[in-house]
Structure formats: structure tokens, C-alpha cells
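Q: The lines below spell out each chain.
Number of protein chains: 2
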Amino acid sequence: MRELIERLHEGLPAEAVLTDRDVTASYAHDMASFSEAGTPAVVVLPRTVEQVQHVMRTATALRVPVVPQGARTGLSGAANASDGCIVLSLVKMDRILEIDPVDRVAVVEPGVVNAVLSRAVAEQGLYYPPDPSSWEQCTIGGNIGTGAGGLCCVKYGVTAEYVLGLEVVLADGRLLTTGRRTAKGVAGYDLTRLFVGAEGTLGIVVRAVLALRPAPPRQLVLAAEFPSAAAACAAVCEIMARGHAPSLLELMDTTTIRAVNDLAHMGLPETTEALLLAAFDTPDPAADLAAVGELCTAAGATQVVPAEDAAESELLLQARRLALVALERVGTATMIDDVCVPRTKLAPMIEGVAAIAQKYELAIGLCAHAGDGNTHPIVCFDGADADESARARESFDEIMALGLALGGTITGEHGVGLLKKDWLARELGPVGVELQRGVRQVFDPLGLLNPGKLF
Amino acid sequence: MRELIERLHEGLPAEAVLTDRDVTASYAHDMASFSEAGTPAVVVLPRTVEQVQHVMRTATALRVPVVPQGARTGLSGAANASDGCIVLSLVKMDRILEIDPVDRVAVVEPGVVNAVLSRAVAEQGLYYPPDPSSWEQCTIGGNIGTGAGGLCCVKYGVTAEYVLGLEVVLADGRLLTTGRRTAKGVAGYDLTRLFVGAEGTLGIVVRAVLALRPAPPRQLVLAAEFPSAAAACAAVCEIMARGHAPSLLELMDTTTIRAVNDLAHMGLPETTEALLLAAFDTPDPAADLAAVGELCTAAGATQVVPAEDAAESELLLQARRLALVALERVGTATMIDDVCVPRTKLAPMIEGVAAIAQKYELAIGLCAHAGDGNTHPIVCFDGADADESARARESFDEIMALGLALGGTITGEHGVGLLKKDWLARELGPVGVELQRGVRQVFDPLGLLNPGKLF
Numbered sequence: 028m029r030e031l032i033e034r035l036h037e038g039l040p041a042e043a044v045l046t047d048r049d050v051t052a053s054y055a056h057d058m059a060s061f062s063e064a065g066t067p068a069v070v071v072l073p074r075t076v077e078q079v080q081h082v083m084r085t086a087t088a089l090r091v092p093v094v095p096q097g098a099r100t101g102l103s104g105a106a107n108a109s110d111g112c113i114v115l116s117l118v119k120m121d122r123i124l125e126i127d128p129v130d131r132v133a134v135v136e137p138g139v140v141n142a143v144l145s146r147a148v149a150e151q152g153l154y155y156p157p158d159p160s161s162w163e164q165c166t167i168g169g170n171i172g173t174g175a176g177g178l179c180c181v182k183y184g185v186t187a188e189y190v191l192g193l194e195v196v197l198a199d200g201r202l203l204t205t206g207r208r209t210a211k212g213v214a215g216y217d218l219t220r221l222f223v224g225a226e227g228t229l230g231i232v233v234r235a236v237l238a239l240r241p242a243p244p245r246q247l248v249l250a251a252e253f254p255s256a257a258a259a260c261a262a263v264c265e266i267m268a269r270g271h272a273p274s275l276l277e278l279m280d281t282t283t284i285r286a287v288n289d290l291a292h293m294g295l296p297e298t299t300e301a302l303l304l305a306a307f308d309t310p311d312p313a314a315d316l317a318a319v320g321e322l323c324t325a326a327g328a329t330q331v332v333p334a335e336d337a338a339e340s341e342l343l344l345q346a347r348r349l350a351l352v353a354l355e356r357v358g359t360a361t362m363i364d365d366v367c368v369p370r371t372k373l374a375p376m377i378e379g380v381a382a383i384a385q386k387y388e389l390a391i392g393l394c395a396h397a398g399d400g401n402t403h404p405i406v407c408f409d410g411a412d413a414d415e416s417a418r419a420r421e422s423f424d425e426i427m428a429l430g431l432a433l434g435g436t437i438t439g440e441h442g443v444g445l446l447k448k449d450w451l452a453r454e455l456g457p458v459g460v461e462l463q464r465g466v467r468q469v470f471d472p473l474g475l476l477n478p479g480k481l482f
Numbered sequence: 028m029r030e031l032i033e034r035l036h037e038g039l040p041a042e043a044v045l046t047d048r049d050v051t052a053s054y055a056h057d058m059a060s061f062s063e064a065g066t067p068a069v070v071v072l073p074r075t076v077e078q079v080q081h082v083m084r085t086a087t088a089l090r091v092p093v094v095p096q097g098a099r100t101g102l103s104g105a106a107n108a109s110d111g112c113i114v115l116s117l118v119k120m121d122r123i124l125e126i127d128p129v130d131r132v133a134v135v136e137p138g139v140v141n142a143v144l145s146r147a148v149a150e151q152g153l154y155y156p157p158d159p160s161s162w163e164q165c166t167i168g169g170n171i172g173t174g175a176g177g178l179c180c181v182k183y184g185v186t187a188e189y190v191l192g193l194e195v196v197l198a199d200g201r202l203l204t205t206g207r208r209t210a211k212g213v214a215g216y217d218l219t220r221l222f223v224g225a226e227g228t229l230g231i232v233v234r235a236v237l238a239l240r241p242a243p244p245r246q247l248v249l250a251a252e253f254p255s256a257a258a259a260c261a262a263v264c265e266i267m268a269r270g271h272a273p274s275l276l277e278l279m280d281t282t283t284i285r286a287v288n289d290l291a292h293m294g295l296p297e298t299t300e301a302l303l304l305a306a307f308d309t310p311d312p313a314a315d316l317a318a319v320g321e322l323c324t325a326a327g328a329t330q331v332v333p334a335e336d337a338a339e340s341e342l343l344l345q346a347r348r349l350a351l352v353a354l355e356r357v358g359t360a361t362m363i364d365d366v367c368v369p370r371t372k373l374a375p376m377i378e379g380v381a382a383i384a385q386k387y388e389l390a391i392g393l394c395a396h397a398g399d400g401n402t403h404p405i406v407c408f409d410g411a412d413a414d415e416s417a418r419a420r421e422s423f424d425e426i427m428a429l430g431l432a433l434g435g436t437i438t439g440e441h442g443v444g445l446l447k448k449d450w451l452a453r454e455l456g457p458v459g460v461e462l463q464r465g466v467r468q469v470f471d472p473l474g475l476l477n478p479g480k481l482f
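Line by line, the protein sequences give chains U and Y. Per the numbering used here, the first sequence starts with residue 28, numbered consecutively. Per the numbering used here, the second sequence starts with residue 28, numbered consecutively.
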């Protein structure tokens, strides 16, 4: 332990090595429930690539595990410390190195906060789409590690689609450059993509070349009330089948609507079973919303309200953004699931979650990136009640089993971490797991990078 | 050898095992120049996943190398036979298994021809964008193996972005399922993406879940004549910097224009140094073309001609599509390069190619997916002239060196195969190559899958 700290100091400034146990304890975990966190030996806060290399060389020399961290807003425990590890926080590497409107790329360090980058590129008429709920806190490095999504994915895709190239410090401290800054490239296996969603198990991302898009027009939002989740899902399917390209297509169930009203007194319609929000950032969003409104009515919507302007649109989005915070007040604890099913299976998924809530006598609020089939059932329970906590955990698992049975995945955008480790093997199957382990072994033969995560 | 054929017959119908040497010789190579091809021991044409598994089990048992093939329209030698190998042709596995307009996916076997799929999905109002020049012949399996691109990539991206999930027969005959049919998913490392562009070195793709898009409106094309490549490239940069989203942005140099005129008497303007074609498939393409036309004029275009209708647009695209065939008539042989540079480096790339043509006293025609910075310099030479052939090869290499020096890649969409093997190592560097080899080893420990390709 003393040797570890001494060696780290050889290549890091004093203020970049934290050993005070109260301080290091505050780096122990991310925002996942039901995920164990150990006690880190030390927290390091490098500012340069060379310093990260020094940390990894030290870790390899002394065989100390390393847990990379961004803003710790993750929901799967992927950033949780293990006992005696080095927590490698990348938050001080937070420079935007370049924004190029012609090549439509940004080059950034991993600690850049998502919202900071989004605003910086917007100033140049550009757009970095991935927008996880935690976008004001979460870092690009964390987004890459978890493969983060957001509201815009139905039109613009997830983080993976915006990562063109990477610089990565390997477990042994060597520097790997992957990918490109060109629009296209097929030189060798796509190692860049391998790092996205790898939760820091393959290497430490220290620089990223990100693709940007031209800034779209401001979006306009519509709200539609449905008498059942099935009717709302039928509308979603029809909207997508007709070739519409909404910039957002979100669903909230009654439990969620009530929770949001309780929190923010927004006057959302509590008599409705499912509220659908659709948005367009097209040249003529009002026309697109009108067409989508008609599809909603045909699918059984009792009320269709297009926002008249940006302010009204913003209010509707605000309601959606408050969903998680609102549901967190329902019990004393929450577990957020992240099951993504084929769009055609959205209705049975949502109905199945309602049945699971009934079976376990739990409040499970559900909001969904409906256009993607990506549901977030949020199990609300009393964390101090052992029986209710056990039922919460069981219901959480049953939701994943349902998602897999419907041809879906256990995680659309939150990742595996510790929380869904056992389930990953069920989704991938033995052949898949064997190959994934093999790949991990290639990058991290000593097993020092975020051990115990993923599988 | 006799044992190999006998064992193959145990799991394959007689007509699926070809041993006639005249017949098997016709499967020896793809369309790449300067790439050696060996003599296959046997060609197999399985129709089912089980038959592919049988082939791979046999190959593993007898330690016989396997070269997977689609339509052999590749341009890098990736499908060339090696001596004594099993050529595994997937062209008989050509069923479209499913097209789902709600989930926006198609499920296909690898032997489906690109154009067949494109037409089938178009009938349902859907769009499968990747459109390599060989789209009437090439197969989806081959597109996945090479990571194929096309004209539409500037707006719609390459093959990789449309592959959601795969079924793959591994070297030892086991079946691996990767990825998903959902819109999103981050369960484990992205092995799906690893197979795209892997040139059959990691496994045999036997089924693919492909993402589809809604069919866009028909595109309208504009042609602009420029007095220099630099002026045309300045226009390209300006078009992209202003946030336009052309569905196609192509450049042809004088050598190419003349060759097309010689072939098809199309009356293209031979006095121009660079012809730029831009297209839009937006709701109001005429307005977008007008805006882009103004940018072209400001950048120095001497003539800007928007097509009046679909027929005129088609004629302009026809000229671009004829480029390669036309240049093939300039010499007796051609080498097609595929260097992709950042958009901002397109002008020095094109000027550099012109200088290389002059230095080596060769005709090098250049057309480019200019919006992507992806150039196709086409070296035309007399294949019977040893000195000229040597100069052609040298100029080809010098073009790649220039591309790398400008921050580009040796291959934007054609792949590495045999042709660019030595260059791949230069682009990836020693750390990158070591990891890529490690990954290959995980999937193919005996080195039986397309040995000698890539690296």
C-alpha cells in the first residue's frame, strides 16, 4: 500500500493522489441500487495522458486493480470501487481540444461534461446528439464506457454511433490509437466500437474523436392521451411504420404521470393510462405533428394536444425529464430497469410490467423511449423493508426475463456493470460469453481493469 | 484430399461440392489487381446453417483453410483462394427471411444480392442505404465482410451502421449469435461490429439482422463545373460547414470526365477540371440545390446546372456510375485506390494524386465521394508493360502514403484483403496490430479462416 502511493506520486502531482479515507470513500460508487461497492486504496485524478500511463504502469507493476470513473452517474454499478483498488477518475481531463465544422468532428478528453460539449458545439451551429438524463453531470468518457443513450436516440442513435476514433491507455500503460477522424474507414477490426460500452474493462479512454451533426431546427412537441398502454403502443408502431422520423417519442404511464404531478403540480391528465409525447425537428414540424396526431386519434387517443410554441414544448419535455426524480419520491428507494424490446413487442412488455407490479404488490412506474422500444420500468419500494426490498429485486429480475422472452435485451443504454452481470450471461449464451472473455483477456491479460464488472 | 471431399459429402448434397478443376479455378479470385490467388482444393455451396457448420467442423478436423466468398466483386483480394483451401461460397444462401416495417429491420441470409434486398424493401416503403457500385452483383455477406460503402454514405453512412445482429458459424463449427433486433442495446462488447469489415477472418456470417430506414423522397441532382480541384473542394467544405445534408456529393476529375465521354458520348464538359455532383432527397430538394448552387458559384464554379427532373438527375448519376468502367478502357489494366481523408484535406489529397500521376507518367483518373473525403484514384496502365506496371504499383502505394500523411486511412470502403496488407500495419501501428492479432486468435485459434488476409 505504501509502495503503491509512493510509486503513484513519482508520476503524479501531490493534489492528484487522494488517500484520505473520508474522501476516497466518496468515490466508492455510482448511482446504481443493489450493487456492492468496496473500499478504494487510493483515488487518482490525472490531468494528462502521460499521467494515466503512469497510473496504469504502476497498477500493472504492483498488480493492483483499477476502476475508471467519470461523474459516477451510471445506473449499473460499473463505476463502483472494489476493495483495495485504484479509483482512476478522469474528471480533471476535461478539455475540448477541437471542434471542426467542416470535418464535423470534436476531439475531447474523457472528462468533458456532456452538456458542456453540447453547448460548445451548438455555438458553432453543430449538434452532439446523445443526451442521457444526467447530461448536465455525466462525462463523455462515462458515456463511451456505458454506451449511453437518451431521448434523441429514436432519430439520432446512441453514443456508439458518434465515436469515430479513440486514444486508449492499455492495462500495461501503452497507448493505443484506434479508428479515424475521416467520415469512413475499414482498416482492420473495429476496435473503437469494442471500447464503447466496455465499462472500462478493455482500457482507459483518454481522448475521443466524436462525430457531430448540423444543428437541427428547434423541435415542436405533441402530447396524446390514451385509454390503455396497448393503444399508445399501437400508435407508436403506426407512426414508425408510416416512415415518420420523430426526434423524440416518449411514453409515460399513469404511475409516472401521478408522481410528476405530485412533485411539480404540472396538471398532467391523471385519468389517462398512457401519455405519449412526440416531437419533430423537421423543416415543418407542425405538419408532421398534425399527421402523427391523426395516427394517435385513429389508434384511440382521447386527447391530442400539439404544443403551440417552443415554450409549451419545453414544458411537456420538462414533465418527461422529471419522471425519474418524481418516482424516486414514491418509495424510499428505486431500481431503474432498462429493457429494450423490438418496437412490435412494446405493448406486451408494458402490459407484462403492469402484471409484475400487481404480482409483487409494488409500485412500478414506467416511462419509455417508446420509439426505440426502450422501457425504463422503475420499481419504487421501501428500502428499509426487507421483504419489500426482496420483492423489488425479484420483480426487477422478472422484468428482464420478460424482455429476453420478447426478443429484447436486458440493457438498452444503461449497461451491465454489477447489477446485471448474471443476466448478461443469459442474454449472450455460453458461446458469446466465452468469446467476450477471450477478447477481454487480449486487452487485459492480468485482469486489472475494472475486475468483476460485466462478467 | 480424398478424405476432405468424402467428409464434406457426409453433410452436403452432391451438387454443393465442386471439385472439377476448371470449375473451382473460376472461384479463385475477386476483382482486385496485383493480388495473388491460389488453387482451391474444393468449392462448397451450402444452403443451410447446418451445412456451413459441417464445412467448418470438417475444416477444423482436417486443418484445412477456408476462404469465404460472396459474389467476388471485392477490390482487395480478400476473397482470393489460397492453395488447397476450401472455398466456401455463400451465394446459395440467398433468402430474405423477413422484412418488418414497424421494427424497421430485415433478416437475411448472406447470399442475398444487395439490389435484390434494396428492391424488396422499397416495395414496402423502406430503404436499405448501402449502395456499392457493384450493388447488382454483390451480396450482403460480402458487404458485411468488406464493410462496403457507396454513393449514399455522405448522408446515410456505411454497411456497418446497418448491421444490428448476426448469426455466425465459428471456425470450429459452433454457432454464435451477436447483437440484437432492437433499436438499442449495450449488453457486452459489440462483437457484431467486429465482424463488419473482418473479411471472413473471424467467422462465417450466416444470417444478418439489418436496420432499414423509411424510403426518402426521390433525389434531385445538380452538376457544377470548376476550374480547379481546389475550387471544387472548397465548395464541398463550404456545403458541409453550412450544415447541408446532401444525399450524394461526388467529384470527377478531367481524366475521368474524358473517359466517360469516350465511352458513352455523354457530352460532359471536357474543359472543366472538376465536376461536382450534389443531390438532395429532402422535402424541397430544389431549394436545397439552389442554396448549394450559390455556394458552388461563390467557390468559383463556372457553370451550375441543376437537373430539372428525375430523368435529368438519373443521366448525371449515370455518368458517375460509368466512371470506373470508362477508366478501365484507358489502359489494359487498372488499380483502384480507396484513400479516405478528412474533408478539410480533400484538396491537398487530389492535388497530390495529380502530382503523383505526373511523376510516374501515368494516367490516374480520380473520382471521389467528396462529401466523405473518400477518393478513388484509378491508376490506368498497360498490364503487359512491366515497367509501366511497376510504376503503377509504386504510384498506388505513394497515394496511400499521402493519405496517411494527411490524417486519412488507406481504405474508406474497399477493405484490406491482400492488396493493402502491408499498409494496414503502417496505419495501425505495432500496438494496434498486436491487439488485432490477439482478437483474431480468440476467434480462430487454428488460423483456418481466410489465412494470409488483413495481416
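Treat the hints loosely; a few may be bogus.
[What the hints assert, rightly or not] Calculated Cβ distances over 10 Å to all of chain Y for the following chain U residues: (1) 61; (2) 201; (3) 223; (4) 269; (5) 387; (6) 417.
[Said to hold, decoys possible] Now the stretches of chain Y that chain U is said to cover, found in silico as 3 or more residues with beta-carbon under 8 Å: (7) 110-118; (8) 169-178; (9) 187-197; (10) 203-216; (11) 375-382; (12) 391-404.
Since the hints were made in silico from the structure, they are not lab data. Note that the Cβ used here is the ideal one computed from N, Cα and C, for glycine as well.
Q: Decide, hint by hint, whether the structure agrees.
A: So, going through the hints one by one against the coordinates:
no.	hint	result
1	61	18 Å, holds
2	201	5 Å, violated
3	223	7 Å, violated
4	269	8 Å, violated
5	387	24 Å, holds
6	417	25 Å, holds
7	110-118	violated (count 0)
8	169-178	holds (count 3)
9	187-197	holds (count 3)
10	203-216	holds (count 13)
11	375-382	violated (count 0)
12	391-404	holds (count 5)
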